[in-house]
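Colleague: One letter stands for each residue in the lines below.
2 protein chains.
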Amino acid sequence: MILLDGKKTSIEIKEEIKKTVSAIKLKGERVPHLAAVLVGNDGASLTYVGNKVRSCEYVGFKSTLIKLENNISEIDLLKQIQILNSDNTLDGYIVQLPLPKHIDEQKVLLAIDSKKDVDGFHPENFGRMSLELDAFVPATPYGIIKLLERYKIPTDGKHCLVVGRSNIVGRPISILMSQKRISGNATVTLAHSRTKNLKKLTKQADIIIMALGIPEFLTSDMVKDDVCVIDVGITRVVDKNNPKGYVIKGDVDFKEVSKKAGYITPVPGGIGPMTIAMLLQNTLQARQWNLS
Amino acid sequence: MILLDGKKTSIEIKEEIKKTVSAIKLKGERVPHLAAVLVGNDGASLTYVGNKVRSCEYVGFKSTLIKLENNISEIDLLKQIQILNSDNTLDGYIVQLPLPKHIDEQKVLLAIDSKKDVDGFHPENFGRMSLELDAFVPATPYGIIKLLERYKIPTDGKHCLVVGRSNIVGRPISILMSQKRISGNATVTLAHSRTKNLKKLTKQADIIIMALGIPEFLTSDMVKDDVCVIDVGITRVVDKNNPKGYVIKGDVDFKEVSKKAGYITPVPGGIGPMTIAMLLQNTLQARQWNLS
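Line by line, the protein sequences give chains A and B.
If you read the first sequence in the numbering used here, its first letter stands for residue 56, the second for the next number, and so on.
If you read the second sequence in the numbering used here, its first letter stands for residue 56, the second for the next number, and so on.
So here's chain A without its partners, still in its complex pose (with noise of 0.2 Å):
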């Protein structure tokens, strides 16, 4: 079994990028510059926020926290992204999502200027993606595209199967995967909620890529050897023996199913971290394609 390891793999990346925008500072320029709009005090969108702007700091690039009150108004929010999107000086910016319920979420990431839209989630990159035009994609099936090629997985012809059909990693993985392209060309069957006999699916499968949700969902009766398990999950689950009151759970139970796998990514470590380093490599790809 050989550990899909998106902590180290997310690590090469950031250097990679961090290279790049010394040589961007060396000749002068101005470097990649990545906003990220936080509305309310959320927990958990406090971490990745948090996350998402040390990771830049890391890489070298410039970048702002744009703080609003859980009260802020739908039109107000609006105004703000409107600002962002005329400001020059911004190649990209995020939206930490969920936003407060009196806000029409699909109202907001629609106003984003799908030029900025290094999150990948406006329906012009989405559609651009889909018909292999350059495109932002959405950070976290690109992290799992990077992490299949960095490790050489073989995808051509293979049978992989999505479950999940969430907008922002079902889908899009379900079609990239099935794309001409590195870490691609594999026959993709997108399976969810209505799906019947998934243990039929996922036991014919070459690749199962795990994007529903439920913890240790996916156990070792329902794979066969040497499958190769991409864990996308993140649930907080209870845990009053950890100091934290909850331990991180993906929706694969790693611990019996990575006896029989041939590649498998744990969580966290696996892919939570190389969706971080892809929302960088985005930002990097606005600065370049603002550039030309």
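Because the hints were derived from the structure by calculation, they are not lab data.
Do not rely on the hints blindly, as some may be mistaken.
Pairs count within a copy or across copies, as identical chains cannot be separated in the list.
[Unchecked claim] DSS-like cross-link-like pairs, simulated, lysine-lysine; straight-line CA separation at most 25 Å:
| # | residue 1 | residue 2 |
| --- | --- | --- |
| 1 | 117 | 63 |
| 2 | 279 | 255 |
| 3 | 235 | 156 |
| 4 | 251 | 213 |
| 5 | 207 | 69 |
| 6 | 213 | 258 |
| 7 | 310 | 207 |
| 8 | 162 | 235 |
| 9 | 213 | 279 |
| 10 | 62 | 299 |
| 11 | 62 | 315 |
| 12 | 156 | 295 |
| 13 | 310 | 299 |
| 14 | 207 | 258 |
| 15 | 251 | 235 |
| 16 | 251 | 279 |
| 17 | 251 | 207 |
| 18 | 315 | 251 |
| 19 | 310 | 63 |
| 20 | 251 | 117 |
| 21 | 254 | 279 |
On the provided structure of chain A, position chain B as indicated by the hints.
Modeller: Leaving out everything else, chain B in the frame of chain A:
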């Protein structure tokens, strides 16, 4: 075996559109207006565009055919696109493909205003469709969905195999079939030229959508009893006994597969006529969205 009669169903849909157009006329409002851009004199393209124009007239749309010389420059074609984009009396238009080799097809398609892109080929429409927002759905996959819907074919939890990953048929129908929608919620596998053991997949599938372009590829030994088969293939095969010099063949060996299938579309008379009906439906939709 139930024949999925696309011709009959397309006529029903056209009659419904015709009624809606009559009501628009009665209110003294402008009827939907579709334009088609045809570059050069390709035989098949002339036939397709001719059918589209006749269908427009049938349902009471205004239609405009813009015929351009084969040697038109890319710049002049793009100018024509800009004129169409800014024409407020026009609800939608299509550019008949293929374009002559000296013109960048992608560049032309990207220049079409996504609000007038009734073919649904623009990335913004593709992305909006994928993310389940209001969008123009490409006419062929839209026709498949509608045909399944009209015949009340159960799709929820069924295993649907799509063969072919083109941007205008295979890819979008694979997305649509797995979404939470009528004629959706299927577990979808997308197979293509790199797929191994295709027969194993076709034998498992409850619904098979063939969009490969290889005449009579799917044979009866490849399918299980009571399968639902949708044949998108339209290939002209030389036939000296036919007055036209060719016959139209689908991707399915209809004669044999129809003996085992529960449902099957014929070629011609299946998805082909549905495609034109859905182009009209998209144009009517464009008219309605433009009003609001």
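Colleague: State the violated hints by number, sorted upward, taking the hints as numbered earlier in the document.
Modeller: 12, 20
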